[in-house]
Amino acid sequence: MKLITAIIKPFKLDEVRSALEQAGVQGLTITEVKGYGRQKGHTELYRGAEYKIDALPKVRLEVAVKDEELESITDAILASARSGKVGDGKIFVTSLEQVIRIRTGEVDEAAL
Amino acid sequence: MKLITAIIKPFKLDEVRSALEQAGVQGLTITEVKGYGRQKGHTELYRGAEYKIDALPKVRLEVAVKDEELESITDAILASARSGKVGDGKIFVTSLEQVIRIRTGEVDEAAL
Amino acid sequence: MKLITAIIKPFKLDEVRSALEQAGVQGLTITEVKGYGRQKGHTELYRGAEYKIDALPKVRLEVAVKDEELESITDAILASARSGKVGDGKIFVTSLEQVIRIRTGEVDEAAL
Amino acid sequence: MEATLIEVQYALDTFYFLMCAVLVMWMAAGFTMLESGLVRSRNTVEILTKNVALYAIACLMYMIVGYNLMYPDSGNGFIPGLSFFLGGDNTLDEVLASAGEIYYSNLADFMFQVVFVATAMSIVSGAVAERMKLWAFLVFAVFMTGLIYPIQGYWSWGEGFLDGLGYSDYAGSGIVHMAGATAALAGVLLLGPRKGKYGPNGQINAIPGSNLPLATLGMFILWMGWFGFNGGSELMVSNVESANNVAKVFVNTNLSAAGGLVTALILARLVFGKADLTMALNGALAGLVAITAEPLTPAPLLAAVIGGVGGAIVVFSIVGLDRLKIDDPVGAISVHGVVGIWGVLAVLLSNDEATLLGQLAGLAAIFAFVFVASLIVWAVIKAAMGIRVDEEDEFSGLDMAECGMEAYPEFVSTRAD
Amino acid sequence: MEATLIEVQYALDTFYFLMCAVLVMWMAAGFTMLESGLVRSRNTVEILTKNVALYAIACLMYMIVGYNLMYPDSGNGFIPGLSFFLGGDNTLDEVLASAGEIYYSNLADFMFQVVFVATAMSIVSGAVAERMKLWAFLVFAVFMTGLIYPIQGYWSWGEGFLDGLGYSDYAGSGIVHMAGATAALAGVLLLGPRKGKYGPNGQINAIPGSNLPLATLGMFILWMGWFGFNGGSELMVSNVESANNVAKVFVNTNLSAAGGLVTALILARLVFGKADLTMALNGALAGLVAITAEPLTPAPLLAAVIGGVGGAIVVFSIVGLDRLKIDDPVGAISVHGVVGIWGVLAVLLSNDEATLLGQLAGLAAIFAFVFVASLIVWAVIKAAMGIRVDEEDEFSGLDMAECGMEAYPEFVSTRAD
Amino acid sequence: MEATLIEVQYALDTFYFLMCAVLVMWMAAGFTMLESGLVRSRNTVEILTKNVALYAIACLMYMIVGYNLMYPDSGNGFIPGLSFFLGGDNTLDEVLASAGEIYYSNLADFMFQVVFVATAMSIVSGAVAERMKLWAFLVFAVFMTGLIYPIQGYWSWGEGFLDGLGYSDYAGSGIVHMAGATAALAGVLLLGPRKGKYGPNGQINAIPGSNLPLATLGMFILWMGWFGFNGGSELMVSNVESANNVAKVFVNTNLSAAGGLVTALILARLVFGKADLTMALNGALAGLVAITAEPLTPAPLLAAVIGGVGGAIVVFSIVGLDRLKIDDPVGAISVHGVVGIWGVLAVLLSNDEATLLGQLAGLAAIFAFVFVASLIVWAVIKAAMGIRVDEEDEFSGLDMAECGMEAYPEFVSTRAD
Ligand SMILES: Nc1ncnc2c1ncn2[C@@H]1O[C@H](COP(=O)(O)OP(=O)(O)O)[C@@H](O)[C@H]1O
Ligand SMILES: Nc1ncnc2c1ncn2[C@@H]1O[C@H](COP(=O)(O)OP(=O)(O)O)[C@@H](O)[C@H]1O
Ligand SMILES: Nc1ncnc2c1ncn2[C@@H]1O[C@H](COP(=O)(O)OP(=O)(O)O)[C@@H](O)[C@H]1O
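Chains as they are written, first to last, in the working numbering: chain A, 1305 to 1416; chain B, 1305 to 1416; chain C, 1305 to 1416; chain D, 43 to 459; chain E, 43 to 459; chain F, 43 to 459.
Fair warning: there could be bad hints in the mix.
Some residues of chain A that are not near chain C, with every Cβ distance over 10 Å (derived) [what the hints assert, rightly or not]:
#	residue
1	Asp1318
2	Ala1327
3	Gly1352
Stretch by stretch, here's where chain B covers chain D in the computed footprint (C-beta under 8 Å, at least three residues) [said to hold, decoys possible]:
#	stretch
4	240 to 248
5	315 to 327
6	357 to 368
For the record, the hints were derived by calculation from the structure and aren't laboratory data.
Note that this is a predicted model, so its numbers are computed, not measured.
Cβ coordinates follow ideal geometry from the N, Cα and C atoms, glycine included.
Work out the full structure: start from the sequences and follow the hints.
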């Protein structure tokens, strides 16, 4: 199994969620994060003093998937999360050794 | 070493923490997240218009553990986080290549 | 590629960010988390009743890096995040199987 | 000694006027809190800015020209004579010689009137929230408070033609509230709904307000200020009859708001299944608007009923405007416009001197003029500088785009909607 | 001309009454802000709803029957005669013929009295917060404001038997504040503490309030409104003596609150080690409650001391009630009940006409009646519809369960407790 | 009957005084909200605590000694005689015999004056926010409200030497506002800027306020309260002339604030590129401070201009003080100090009786005395107990360190700055 971690733009969340649902994903976990990257923040003045808003709000998605689904699901994310502008985010894939569903104790693919 | 990532119901956090302490865990990191899954949200009316609250609040726990402790610790989580109702959450296990304690520079198991 | 996850003290974030930039890191993602560990919280009284503030605010950093950069970057974090006091945090390293840049579809090292 | 007594009466009435003015001025804070609680946090600084600025603009414009337009020295009943700035106050001799005709300070009158203009303008700001350009709004405020409001106000309160037609509107359900709502409606029609409010298949999406304690505080402030709004509109307190009248106005205003609140709360519970706080707040305000056209003649029980009907109307009106895709984030058009009409008509329930014809004439004249005049001004502003922020700014919030700061920089989370 | 002078006096007293009523009405906002700041955010919409609704219900019920019960035309000293709705106001002739007996508008009196009922009821809402069903509370409000409060109010202020016994309670430390706290106590006893407040081994867990600026604002509003509460209770301002009295009441009210605040703040610092803001707020309110039974006769320094003692009592009372597992999220029972008793007794320090016996009789009668009557009403409501939300709703918050919305939908985080 | 009329006048003036006092008291809430909105959330409980406590301390200290110092029975023009506690009030006989000299209650006067002291002290709390020790501040409050403010107040309003020199300051642009700002300046100089405010290479870092709706509410409260502040300073309302004067003061106060707000908003837009809400708020307050020294004689248009100049000054002053590394989180020194000076000088624009020399003498004397006296008191406190919290507490926030609680425990995120 694989754990897909995707950093996306917040306003793309709804689209990505639908795409994932369509791709057969039954569950996911999201976290509100801030990202630094090629997309730069902006500088504002507050009472005449400067402040940089350089960490941009992003949403971090975690989806655990079966090995064979990996590609279709990353494709779904790619298609739905892309706006084409800098800052669209990244997908990270790591290997998942074990999954357990707490409610039932089911493990691995059955737990997804 | 392994990294255990568990998604649990927020109100179970205290219990899970005690269970982990008893299982010998010395440190953990928690994040407030929202989860989509089999447990469905609910629809409310606000000024007559509908809105769906479909992302449910969850707590995400990260615990780095020694290989030999893995089972006892996932068991502790399973036992303490279970309410038996849908939405109890998941445990994900990934392999951890390296751990460093920032304060001392100690590495790996000594750093846990 | 590796995924470095570091838990640090919030007030060290700016320093760590500069250090990472100097070490050639182009992007990172941060999450506000709470940590339990050797650094203990404190007990306060509210209207005469006790409450323990035991989860301490921490910042969780995620940086995806090339294998060969791993050491220089963890060193940069170690140097910049250390205050020498208990609670400085940890660095966790996991293996990263795949990285995709959503905007362009570039993969792996090109996507970092 | 008789002179001293006249002086004391003059002083009492002036002081009463000023206290009522302070209460109405306070309503500006009420609108501000109400609106900033009912919008999303990303548009909060902008709505705060709009509200503080419109109050200031209203005060300045009314001083410069509005007050003189509304209470002109000359005029043909439709178009008032033009003059600028405020005149002097009554001299002691004038007061004594007037045989009770002059019984309060002119400047106290100005002070009381000026806070009414601000009220009318405040109504607009809520309806166009979360998508209108700040400076476009402020330009409109200049025209609304300097020209549009005063001219129609002159018709009724400045001895213009509506006064002649017997239009009866004690404290301004029509003249202030419906007028404000009408200007808002014109703006909203040109502006369109907020992005995401109405779905492609006719869905109506809720956009929850970000801070309901503030909205509730705003409602309480408005309720409190309304005692000045209606109570001051008796214009006198210094004898038994007028003192009794003021007391009755206070009691009726309070009961009408109470009736509106309870009705809207129960109705929302029945229709929506939950106790919708925001509807209860709107219900109370609806009760206040409903009684404003005639807070004196109804018996207290009738006042509660008039407010109750207002509270019922507002629930259906809010839902109905949403069906028509007229997007009004705070319900201002329903509360002040639709219920304002009800208020003007409800005068007929207890005031024998009012006529259906007079009331309808007033409503029609005010609506038509304010609507057309506002539409023209909005359209000109739209052509000249645009009235709507661009999509990206609307998405990321007007606060950054217009004001460069966040309302709650430390604890607002990113939202996915 | 003498008639005119009488009219002016009547007008001044009426106006003074109305201004004081506005200030007391404003206290409803104060309670709302205080309580919504001291509960958790997940129960905030519900407490807002409760507060706005109880104010409206109080106004309606008191108009329908409560006012007439409290100031009845007939009655045997214990049970007042029954009648409905408000009567007419004083005619000019009556006023002139009364030789100063009739010196203010009846409706102004109603207006002033009605906001007192709402105050008493507001006290209840804080104590039962975070676990009581919304509609059960509102049903109780109907009985409390329509029957229970007016009947015991009649005993003292409506020339009932407590008045005869010499019970002295200027603005209602006992009649309003302790009465409200007693009804709250009865409710809390039937309701039980919030889940998680008391641990299995006798721990007392803190449940921090979610928005302390709001709570502080609430305290300031209450302090401000209290000038009307106590100041208006002189019932007259139009001659030198009563004007001096009103001024003294203002000064003493202010100093007593100041004394309470400083004492509670210092005491909390000494006992708890930190400057507990919420204790300081409760201390100020305790000072206000303490002086309410007699704000006129104490010298200013004594007023500050009476308030200071109130501020000390409240700190110990809050801690003590927690030991008894009487869970009162905002400290209402301590502030209004325990300190209310102190206030009634403190009358003896400066008012020679009050007797220990009279004060004790008043406390006993009010407490016994309000407690028993409230307990019965609460019990009936409990049997009929339940008074406590179910566990899951209590955990996830009353806001979603009762009102279907969140107070701060954009920035409230999930909490693990 | 003539006696009755005198009584009514006395009653009206007393009542007017008390209503104005309530409005000024309310300003304490305004400062509290303004300041708690402009600091970071981690320092919010502390600033709330500071504000409620300073108000209470001001009331107690002024009752104990301050009032008597400011309006002493004896004194040489520079140093007032010493006495304690408040005296009795005017008897009816004294009033009747005084031929109009005694026309309001002494205690009403105390009530009005005491809220002024609190205002002066509130100014200090904002400037030293986010780094000063709570208890050090409260100790300073004891001296400021009990000694420093009253002594310099005596010079002008207690018939001291500045009164003799013709220093003209209607409601205290200098005596209250600049005095408060001067004490603040002395404190800030000893205290130093907040950590992180000024970078090593001369950068000036913004530290955004955490809750702008609260700050806006605070501004509205202050604006409202200022009607009492300036309006009450006429000291009389009971005849045609004084009633007209009070009305004019209300109108001018309102317009000056409006002028200040609009000017600061537009200026900020031009200079900074965005509509800076916090500058608009400061602009309104600057308008209020600017008109305070002379709200009576200017024509309304001039009042708006005086306020407008104040609004412009405040923008440049805030930026300028930052350049000088004088860190004032809420802009109190600019609003009350720099603009206070402008206000005192602006008297010369409309009041023929004022002289440049008199005004400069007043400014110099007040500034010099308050600055030196405050510096000494601050220095002594610094030596005795320290005035600045330690670095770690400043970083993690004063709330936990001083008060052991958070303002928004459920939704404040960790911040990295
Ligand atoms: N090396 C990295 N490690 C972790 N997160 C990253 C990394 N690079 C980028 N990110 C995340 O992806 C987001 C988008 O990256 P950015 O460089 O701005 O744009 P793009 O992905 O379009 O090139 C960043 O805000 C950050 O959250
Ligand atoms: N495939 C997945 N990937 C990541 N997180 C998941 C996944 N499936 C479920 N989750 C997380 O687990 C939580 C519980 O899952 P859910 O399906 O509702 O109930 P259960 O675990 O009892 O079957 C979700 O809210 C989500 O946060
Ligand atoms: N085993 C662990 N798994 C996950 N996170 C941990 C673990 N141990 C510590 N942490 C995180 O690191 C932070 C610092 O750890 P702590 O033990 O307090 O200090 P130190 O790292 O200096 O020994 C904790 O607050 C927690 O967030």
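Going through the hints against the structure:
1. Asp1318: 16 Å, holds
2. Ala1327: 15 Å, holds
3. Gly1352: At about 22 Å from chain C, glycine 1352 of chain A clears the 10 Å cut-off, so the statement holds.
4. 240 to 248: With 4 residues closer than 8 Å to chain B, the stretch 240 to 248 of chain D meets the three-residue bar; holds.
5. 315 to 327: It holds: at least three residues are needed, and the stretch 315 to 327 of chain D offers 5 whose Cβ sits within less than 8 Å of chain B.
6. 357 to 368: holds (count 4)
Comparing the model with each earlier hint shows no violations; every hint is respected.
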